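Participant: Here are the chains, one letter per residue:
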Amino acid sequence: MKPNRNQKLWMYEQMHTSRYFEECIEKIYMEGKSPAFNMANGPIPGEMHLSNGQEPCAVGVCAHLDAEDIVTSTHRPHHVAIAKGVDLDRMTAEIFGKKSGLSGGRGGHMHIFDADVNFSCSGIIAEGMGPAVGAALSRHLQKKAGVAVAFIGEGAANQGAFHESINLAAVWKLPVVFVIEDNAWGISVAKNTSTAIEHNDARAAAYGIPGHFVPDNDPLAIFEVAGKAIDRARRGEGPSLIEIETFRLAGHFMGDAEGYRPKGEKDALYARDPIPKMRQHLIDEENWSEEQDQELVHRAHKRVDLAIQFARDSEYPAPEEAMEQVFV
Amino acid sequence: MTVATKERKLTIARAMAESIAQEMRTDERVFVMGEDIGPLGGVFGNTRGLHDEFGSERVRDTPISETAFMGAAVGAASDGMRPIVELMFVDFFGVCFDAIYNLMAKNTYFSGGNVQVPVVLMTSTGGGYSDAGQHSQCLHATFAHLPGMKVVAPSNAYDAKGLMTAAIRDNNPVIFMFHKALQGMGWLGTEKDAIVHVPEETYTVPIGKAAVVREGTDVTIVGITSGVHHGIKAARKLAERGVSAEVIDLRSLVPLDRETVIESVRKTGRLIVVDEDYQSYGLTSEIICSVAEQGIPLKAAPQRVAYPDIPIPFTRPMEQWALPSADKIIAAYELMEKNT
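These protein sequence lines are chains A and B, in that order. For the first sequence, UniProt numbering begins at 1 and goes up steadily by one. For the second sequence, UniProt numbering begins at 1 and goes up steadily by one.
Same shape as in the complex, but just chain A (with noise of 0.2 Å):
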């Protein structure tokens, strides 16, 4: 199942809002943050996992979700989010700390949740996987539509709730796709010093359910395999793992010297863009004008403006609000 013309750009756009949304985030998390880089200051403080680089697994796979469809994301979640159709406003606002943020500036960037799309995340790792299993079975007992989506890194595939998950899943027969966002590294820690094989799709026969490869972070491909699998769920056919080689252009975190990778190794991510490699396919395939493009991205830029404005312009909550919603 190749994507459409329409898919194609609706994948191209997102990613171009994904992406520019995290070079404006890089920025303002800068804010307040020189000349002594410290967490805790500036319009967004804490930790910023930025997913530059890996918007192709989020939108492969989301082109084929419903907001019905369910979910749940990693600690790096921002691109996931945009193709999800979490409301960017609110998830903006909710980044700075807001009161119009989707949590009232509870949760923040590692916590997103936006119950009408069913999306959410976690910053613990692997632990996403569970819920995704229990959605899947909740619409199974409820006779719903709807699939769930686990994304996770590749750094989860060791967890031991990568693995119990799963078999929950496949021995219960439950529409879930795992999505592995392999990106090389946990941190500091390269994969193929954490993980016993090369490819974690290999582990989907250990419990009896299709795995899939898929290479050089292609949001076509990957379009394809996930269809593949996410009409299998559907159908009731069962789960689904898919590895899919990605990289991240940014740090683990803001502030990361990344001393850790091998020297030239971000030239040559950056030489592998999928962005521009997808402006290029469009042009080649889809006979996509320099006017068009423009076009696209001055909308998906726009959207983002906008949700910086929105996140910007509003209010703090009060400090004593922290005491509600514990309980509802």
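Honestly, the hints are just simulated from the structure, not real lab data. Note that the structure is a prediction, hence the values are computed from the model and not measured. A few of these clues could be false.
From the derived model, a few chain A residues whose C-beta atoms are all more than 10 Å from chain B [to be verified]: (1) 10; (2) 66; (3) 207; (4) 313.
Each pair of labels, with its calculated beta carbon distance range [stated by the list, open to error]: (5) B:58 / A:280: 42 to 52 Å; (6) A:36 / B:52: 23 to 33 Å; (7) A:276 / B:8: 47 to 57 Å; (8) A:36 / B:7: 22 to 32 Å; (9) B:192 / A:261: 26 to 36 Å; (10) B:111 / A:206: 32 to 42 Å; (11) A:267 / B:52: 25 to 35 Å; (12) B:259 / A:198: 50 to 60 Å.
30 Å max Cα-Cα, derived DSBU-like pairs, lysine-lysine [said to hold, decoys possible]: (13) B:338 / B:299; (14) B:192 / B:328; (15) B:233 / A:33; (16) A:33 / B:9; (17) B:192 / B:9; (18) A:33 / A:143; (19) B:267 / B:338; (20) B:6 / B:233; (21) A:27 / A:263; (22) B:209 / B:233; (23) B:9 / B:233; (24) A:33 / B:192; (25) B:192 / A:27; (26) B:237 / B:328; (27) A:173 / A:143; (28) B:328 / A:33; (29) B:328 / B:267; (30) B:328 / A:99.
Don't be surprised by glycine CBs; every beta carbon is placed ideally from N, CA and C.
Start from chain A and add chain B according to the hints.
Facilitator: Using the frame of chain A, we list chain B on its own:
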């Protein structure tokens, strides 16, 4: 004749790494494992230099597999090694808690003392820099509640080195909780009072002995890690208005030095306990209860300054409002004065 001692101020991170290095040089059983503790030197700097000196055989980066490596620490320790294991954030312990509370903390007892489990767990605690509710907790009481584990938590680099050395040499499991705001990592901001002179030679600070870090006669302020620094700042401000506050740094939660606190409260008759962990069922109630059980006549009802019973919010105004502070300690003292 006075001997000039050279001032050598270290951060807690440096002090921890120095202690570990010194013990590794003299005791081949000591090794370190955890996430990003190898060439990176630990996300919070407390294993910096160890990989260069001892190599990847004894300083082992692990996969993100806490259940496995925490269980492995129990097995290695029971077989004669002395593993030091880093957990990065205390908030992450959930996935491997079984190996900690059902194995590490109990195997010595289950075996009638025949099996020793000399593991040192290192983990970061604390917030204040808007890292939200899965990266900012203290969870002191969660660990202190478990019989069979010692729990230490330094407020300064001198204690950090001595407590780490004592922990490594201890034949029991010890969890070493270091507060991020005291750690000396510039990117987290740093409490300057935590950076103190640390002797180069090896030494121990006994686990289970509190320190009176400031003497006083009117009120006893008890805390641990960040709470000690809030206490000292409050004491300085109270001194300006003629109130003499005694500040006690517990240094360890298990064993808990109740005697030092009780002795102090007998003198002052007033008690304020400070803790960045959640208030209910925690350190503050344990200390106040320990004093109440003695029937010491008090001049005012004891007060506590702890984290409210809410998950830690991300946004700065909420988090800063919820955190303990010197001002809150002073307000607690004022309340005691008013009600006296």
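Participant: Against this structure, judge whether each hint is valid.
Facilitator: The hints, checked one at a time:
no.: 1; hint: 10; verdict: holds, 31 Å
no.: 2; hint: 66; verdict: holds, 29 Å
no.: 3; hint: 207; verdict: holds, 18 Å
no.: 4; hint: 313; verdict: holds, 16 Å
no.: 5; hint: B:58 / A:280: 42 to 52 Å; verdict: holds, 49 Å
no.: 6; hint: A:36 / B:52: 23 to 33 Å; verdict: holds, 27 Å
no.: 7; hint: A:276 / B:8: 47 to 57 Å; verdict: holds, 53 Å
no.: 8; hint: A:36 / B:7: 22 to 32 Å; verdict: holds, 24 Å
no.: 9; hint: B:192 / A:261: 26 to 36 Å; verdict: holds, 33 Å
no.: 10; hint: B:111 / A:206: 32 to 42 Å; verdict: holds, 35 Å
no.: 11; hint: A:267 / B:52: 25 to 35 Å; verdict: holds, 27 Å
no.: 12; hint: B:259 / A:198: 50 to 60 Å; verdict: holds, 59 Å
no.: 13; hint: B:338 / B:299; verdict: holds, 11 Å
no.: 14; hint: B:192 / B:328; verdict: holds, 21 Å
no.: 15; hint: B:233 / A:33; verdict: holds, 26 Å
no.: 16; hint: A:33 / B:9; verdict: holds, 26 Å
no.: 17; hint: B:192 / B:9; verdict: holds, 10 Å
no.: 18; hint: A:33 / A:143; verdict: violated, 51 Å
no.: 19; hint: B:267 / B:338; verdict: holds, 20 Å
no.: 20; hint: B:6 / B:233; verdict: holds, 27 Å
no.: 21; hint: A:27 / A:263; verdict: holds, 25 Å
no.: 22; hint: B:209 / B:233; verdict: holds, 22 Å
no.: 23; hint: B:9 / B:233; verdict: holds, 20 Å
no.: 24; hint: A:33 / B:192; verdict: holds, 19 Å
no.: 25; hint: B:192 / A:27; verdict: holds, 29 Å
no.: 26; hint: B:237 / B:328; verdict: holds, 12 Å
no.: 27; hint: A:173 / A:143; verdict: holds, 14 Å
no.: 28; hint: B:328 / A:33; verdict: holds, 28 Å
no.: 29; hint: B:328 / B:267; verdict: holds, 23 Å
no.: 30; hint: B:328 / A:99; verdict: holds, 25 Å
Consistency with the previously given hints fails for number 18 only.
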